[in-house]
Structure formats: C-alpha cells, structure tokens
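Trainee: Start from the sequences and build out the full structure, keeping to the hints where you can.
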Amino acid sequence: MRDEIATSPLLEIRDLRISFRTEHGLARAVDGLSLSIEAGEAVGIVGESGSGKTISMLAVMRLIRDPNAVIEGQVLHRGRDLMQLPEREMQAVRGGDIAMIFQDPMTALTPVYTVGWQIAEQLRAHEPLSKRQARVRAVSLLAEVGIPNPERRVDEYPHQFSGGMRQRAMIAMALSCNPSLLIADEPTTALDVTVQAQILELMRRLRRDHGSSVLLITHDMGAVGELAERVVVMYAGRVVEEGPKEAIFRDPQHPYTWGLLGSIPRVDRARVRRLAAIPGSPPSLLDLREGCRFEPRCGYRFERCATRPELLERVAPGRRDACHLDPSVRPALRRAALDGENAQASA
Amino acid sequence: MLRFVIKRFLSMIFVLFSISLLVFLIFFATPGVDPAARIAGRNADQATLAAVRKDFGLDRPWPFQYAVMMKKLFVTRDLTSFVNRGAKVVPQVLEAAPVTLSLVFGAAIVWVVVSILMGLLAAVFRGSPLDVSLMILGLIGISMPVFWLGEVVNLLSQSRLHDTVLFSWVPPLGYIPFTESPFGWFKALVLPWLTLSVLYIGIYARVLRSSLIESQEQDYVRTARAKGITEREVMLRHSLRTSMIAYVSLFGLDFGALVGGAALLTEVVFGLHGVGKLTYDSLQNLDLPVIMACVMYAAFFVVFVNAIVDVFYAWLDPRVRYA
Numbered sequence: 001m002r003d004e005i006a007t008s009p010l011l012e013i014r015d016l017r018i019s020f021r022t023e024h025g026l027a028r029a030v031d032g033l034s035l036s037i038e039a040g041e042a043v044g045i046v047g048e049s050g051s052g053k054t055i056s057m058l059a060v061m062r063l064i065r066d067p068n069a070v071i072e073g074q075v076l077h078r079g080r081d082l083m084q085l086p087e088r089e090m091q092a093v094r095g096g097d098i099a100m101i102f103q104d105p106m107t108a109l110t111p112v113y114t115v116g117w118q119i120a121e122q123l124r125a126h127e128p129l130s131k132r133q134a135r136v137r138a139v140s141l142l143a144e145v146g147i148p149n150p151e152r153r154v155d156e157y158p159h160q161f162s163g164g165m166r167q168r169a170m171i172a173m174a175l176s177c178n179p180s181l182l183i184a185d186e187p188t189t190a191l192d193v194t195v196q197a198q199i200l201e202l203m204r205r206l207r208r209d210h211g212s213s214v215l216l217i218t219h220d221m222g223a224v225g226e227l228a229e230r231v232v233v234m235y236a237g238r239v240v241e242e243g244p245k246e247a248i249f250r251d252p253q254h255p256y257t258w259g260l261l262g263s264i265p266r267v268d269r270a271r272v273r274r275l276a277a278i279p280g281s282p283p284s285l286l287d288l289r290e291g292c293r294f295e296p297r298c299g300y301r302f303e304r305c306a307t308r309p310e311l312l313e314r315v316a317p318g319r320r321d322a323c324h325l326d327p328s329v330r331p332a333l334r335r336a337a338l339d340g341e342n343a344q345a346s347a
Numbered sequence: 001m002l003r004f005v006i007k008r009f010l011s012m013i014f015v016l017f018s019i020s021l022l023v024f025l026i027f028f029a030t031p032g033v034d035p036a037a038r039i040a041g042r043n044a045d046q047a048t049l050a051a052v053r054k055d056f057g058l059d060r061p062w063p064f065q066y067a068v069m070m071k072k073l074f075v076t077r078d079l080t081s082f083v084n085r086g087a088k089v090v091p092q093v094l095e096a097a098p099v100t101l102s103l104v105f106g107a108a109i110v111w112v113v114v115s116i117l118m119g120l121l122a123a124v125f126r127g128s129p130l131d132v133s134l135m136i137l138g139l140i141g142i143s144m145p146v147f148w149l150g151e152v153v154n155l156l157s158q159s160r161l162h163d164t165v166l167f168s169w170v171p172p173l174g175y176i177p178f179t180e181s182p183f184g185w186f187k188a189l190v191l192p193w194l195t196l197s198v199l200y201i202g203i204y205a206r207v208l209r210s211s212l213i214e215s216q217e218q219d220y221v222r223t224a225r226a227k228g229i230t231e232r233e234v235m236l237r238h239s240l241r242t243s244m245i246a247y248v249s250l251f252g253l254d255f256g257a258l259v260g261g262a263a264l265l266t267e268v269v270f271g272l273h274g275v276g277k278l279t280y281d282s283l284q285n286l287d288l289p290v291i292m293a294c295v296m297y298a299a300f301f302v303v304f305v306n307a308i309v310d311v312f313y314a315w316l317d318p319r320v321r322y323a
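Taken in order, these protein sequences are the chains called A and B. Start counting the first sequence at 1; every next residue gets the next number (my numbering). Start counting the second sequence at 1; every next residue gets the next number (my numbering).
Worth flagging that the hints you see were computed from the coordinates, not collected in a lab. Be aware that a few hints might be false.
[What the hints assert, rightly or not] Going by beta-carbon spacing under 7 angstroms, a handful of chain B positions derived as facing chain A:
| # | residue |
| --- | --- |
| 1 | Lys71 |
| 2 | Asp219 |
| 3 | Arg225 |
| 4 | Thr242 |
| 5 | Ala246 |
[Stated by the list, open to error] Using C-beta positions, here's what the derived DEER-type ranges look like:
| # | chain 1 | residue 1 | chain 2 | residue 2 | range |
| --- | --- | --- | --- | --- | --- |
| 6 | B | Arg232 | A | Arg132 | 23 to 29 angstroms |
| 7 | A | Ser8 | B | Leu121 | 56 to 62 angstroms |
| 8 | B | Leu137 | A | Asp209 | 54 to 60 angstroms |
Every residue, glycine too, gets a C-beta built ideally from N, C-alpha and C.
Mentor: Printed below as a string of structure tokens:
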C-alpha cells in the first residue's frame, strides 16, 4: 500500500474530454488528454491559443462554470478522483493542495482589497489563523517572493503594484498554503521581457525551496526551457508529443513541434532569410477531423494521416508522439524544416 | 482616506458657493429684466416696487445685492415673499424639508435593501425561473407611473379597502411630524415609501444583477474561486463588493435629485407638503424669493449627498482615493 502511494503520480489526468455545446454544434476543446506529474516534477504544456491547455487545467481545478461545458474523464490526486469530489472537499483542494496562478496579474487581483488582505483570505480559508497571524504570514510571504518593504506593501492595493510585483504577489498567494502542485497559466505572458526572466527565476527558486510540482502552461518555448523538466506539446485538444525537455529541444519528433521550435528566433545561428511560420491556422473546434488534426497544415502528410495517430513510444522510452511518419525519415525532414527551407517551399 | 474626505468637502463648499452665485445671477442680473418687478409679483404698485428695490439693495452694485440676498437666506433668514403677503420664506423651506427628507430617506432604505436582495438572488440563480420572474417584476415596477400607483394605493387604502383589517391602520393623507408621534410618522409614510421605491427597486435590481453577472466573468473572481473560498464568499466579498461601485454612483444621482424636489409627484399624491410641492406652488405664483430659496436648498442637497456618496465610493474603491 505504502509503495503504491509512493509510486503513483501526484496528479494523473486520464482521458480528459471537454466539449462545449454551441449553437453550431459541439465544440471539442480537449479530446482525450492523459497526463501525469510526479511529486516535485516540473512539466511544461505548450501549444498555441485554443489548443486546450488552459481549459484542461481549469477543468482539473473544477473552475469551468459554463453550463454548456461537458467534462468527462478522471483527475486522480492522492488517490481521489477530483471530478467526483463533493464541492466542499474540492474547496479544500483548491488553493490548499493545488494552487493556480493566472496569465494577467493586472486583472487577477480584486481591486478593492489590499494585497495583504487577499493573501490572508486564502490562508484563513485553509488554516485556523487569526487575522493578525495571517497578516504576519502575508508579510513574510511577500518578503519571500522578493517584494521590497513588505511591511508597508502588505497594506497597499493592487493598483499600487506594478505588473511584475502583482505577479509576485499572486505567486505569494498561490504558495501561501504550501501546495503540492502549482499550476501556472502563462505566468509571464503579460509581463515585460526583463520582468519575465525575474518571475521565472523566482518560480525556479521557490520550486526548489518548497518542493512543489509545477505545471507550466505556456506558448513560450523559452519559459519552458527555463523551468520545465518534461514537455507536453498540445495541438487542437490532443497531445501530439511528450518527453524530457532536452530531448524535445534536441530531437523533436512531431512536425508541429518542429514548427513551434522553428518559429523562435535564434541568435546562436546564422540568420535564416525568414523565420519559419507554420502555414495555415488551427482548425475550428466545431469541425474536427477524425485523423491527425495537424494534417491540413502539415507539409509531410500522406494517406495514413486520415486515421488517428495514437500517442505511442516510437523513438525512445519516455518519449511519445502522435505522428504516422516513420521515425527513421524524421531527422532529415526536420533539418529541412528547421532551416526554414520548407516554410518557403510550402508557403 | 481622511485627506480625501477633507478635500472632497472643501470642494463641496466651493461648488455650493458657485451655485449660489450662478442662481443669484440668473435671477438678478439677467439683462433686460427688472428683478424688482419679478420679486414684487404680478400687478404690483409703484410703492411695493420701491420697497423691493430698497429692501434688496437693487440700486447698489450686484456684489452688494448678492451679499444682501445671502444674508437674508442664511443669517437673518427674513427673506419675505411679496406675492404671498409677507410670508417668511426660510421657515417655509425648513418646514417642508423634513417631509421630503423623511419620504426620500425611508424610500431609499426600502429600495436599497430590496433591490440588493433581488439583484443577488437573480444573479445567483441566473437563467432560472426565479431570475426571470424577478426581472419581469422589476420591469413592471419601472413601467408603473408613480402618480398612478400612488392613486391606486390611495384608492385601496383610503376608501375601498379602508375598513378591512388590511388597511384600517392607514391614517388620512398628510404628514405627521416625527417629534409629534414617531409611530404616526411611520404609519403615514409606509405607503408613500413603498410607492416611491417601486420604480427604483426595479432599476437598481436590474443594474445590480447585470453588474454582478459581469463581475462573475472577471479574472479576480476566478482567482478568488481558485483560492478555495466558498461560493458565497466569492459572491459577497468579491462580486458584490466590486459591483456596488456602479450601484452607488447611480444612487448618488437619484437620491440627490429626489431630496432636491424630484419626489414631487409622490408628495402631491399623498398630500405631503415637501420641498417638491413648495417649489411647484411657488412656480405657479412666480414667487421669486421662494423659488430662489428652493433652488438653493435643492442645490445644497444634491451637492451634499453627492459628497457623501463620493466618500462612500472612495471607501468602496481605493483607486478613487488617490485620483
């Protein structure tokens, strides 16, 4: 029994499916997402807007309130399926064992309460603390995330904080109850580049100090490189590739991942004539094909792409991808793609 | 916060001074109009006109006239109506003010409490039959003219059903001063309060509902939910508190206008001799001193109530304090 708990992952998402009833039919936002995170691990979920990464994590937190949403699947956390938990017990999980920080710190804090009050509110929801004790904790949390003058800042309102400071305050709030898992939904997207680096550095340090697992949702490959150990690439509601960070960066298997990596400017190589853009745009969630969803935009499609490629270990243990291309021909095709030639050929 | 309050009240005094000056200039310095003839009323004889000119210092420059007017209004309080055979104006206003204040304050309490409850219920049960029926009820309230509703209430409570258990407690139309009989004051005003508040309950419940629903989509409400607090705490602490900002600014406008005389129709229907009624009567007689006093009173209350609301507003929304 002990062993089973020790070996079971901290969070395991099994075959999560999310769709929305709309006037024009069912929009399938997430189609069979399976994902697991070990204790202390940092996983990055990458993909462009609409790939289903944020909505999946909101589903894990049970924060989707749209009455037209249909959510199926299991989310196992410490041996319990969060999807089946009564609302009361789910509240104890939210902010307690699993905390979440959001994309835009400018709007994510309630404007009418002081930052300290908002941190104390979360603390007091999960721990029996007096107002005074909660305030003391809030001050030390603000100090921990690197806010100068925390004694004074704790009584200030969000509009008196800069964007980076607000995100630090959000992180302080998320970490206040020592969660075992921190879900960070594009925590740096809305910030200045210099502040982005500081926030990532802060998250890395806090992860080391607190031992929390981190699930980083982003479309920024740089942020993934900074923080994550394992990378999951999503496209149109499905995982297309998954593996250790170094392997994904060094040896990506799926043509979509090639496109993602090829669209980052690099200063360590001779400049190609233009950055590789992935041609076309993501499919409408209302009208999804049964086969590979990337097929219409893929320069290497062939007959088999009309059937759904399963997410399987094709090249190495711990590395899974969902592409019908023969693994032996991929490296040559990829080199062509990453050098930008293909982008021009198919444009 | 204290600095904001002081600043706000200093600016209020400045605004009041400006309004008094403006009102004075409109009445006394409009080119081509002889203020003495206006004050003396229709068909006044030469002796009265001369008395008016002397009394108001109309042969002196206008700053002097302004000072005389303000002295008559606020210091000696002996501004006299010539139309109404020498009746003192200020006591009339002071007598009418408590009637209007009683009416409007009571109605405001009713409409604030009821509309917040209705708005909250409708937003919490959004899309349910309860939501739909509450909002239709609000719309009916908005659509009913207050004079018609008041007359129906009177018809039922004063004549048709007056002898039944339901309405036998209703006193005859009119105002009973609080100092005379607190319970009588209450009984005389219950129906006017309800009648006047019906319109505002409808408007405010609808405004609050839509602003609550809008706030439910805000990022900070999602953050609050992610903290693991209960749905009720999310609603009351985060959604309602931020939604009250729009509600309160609307309240300041309506409340100020009502205290300043906009409750006229309700006052007339229920035989309450308040400021609205006084203004209306003086306009009928072209009784300039009374009009002047009523306008000053109304302006004072609109400005004063707005200052109070602004302070409350700053308490609700810290961003305002530093503006």
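Trainee: Please list, smallest to largest, the hint numbers that this structure does not respect.
Mentor: Hints 1, 5 and 7 are the ones this structure does not satisfy, whereas the remaining hints hold.
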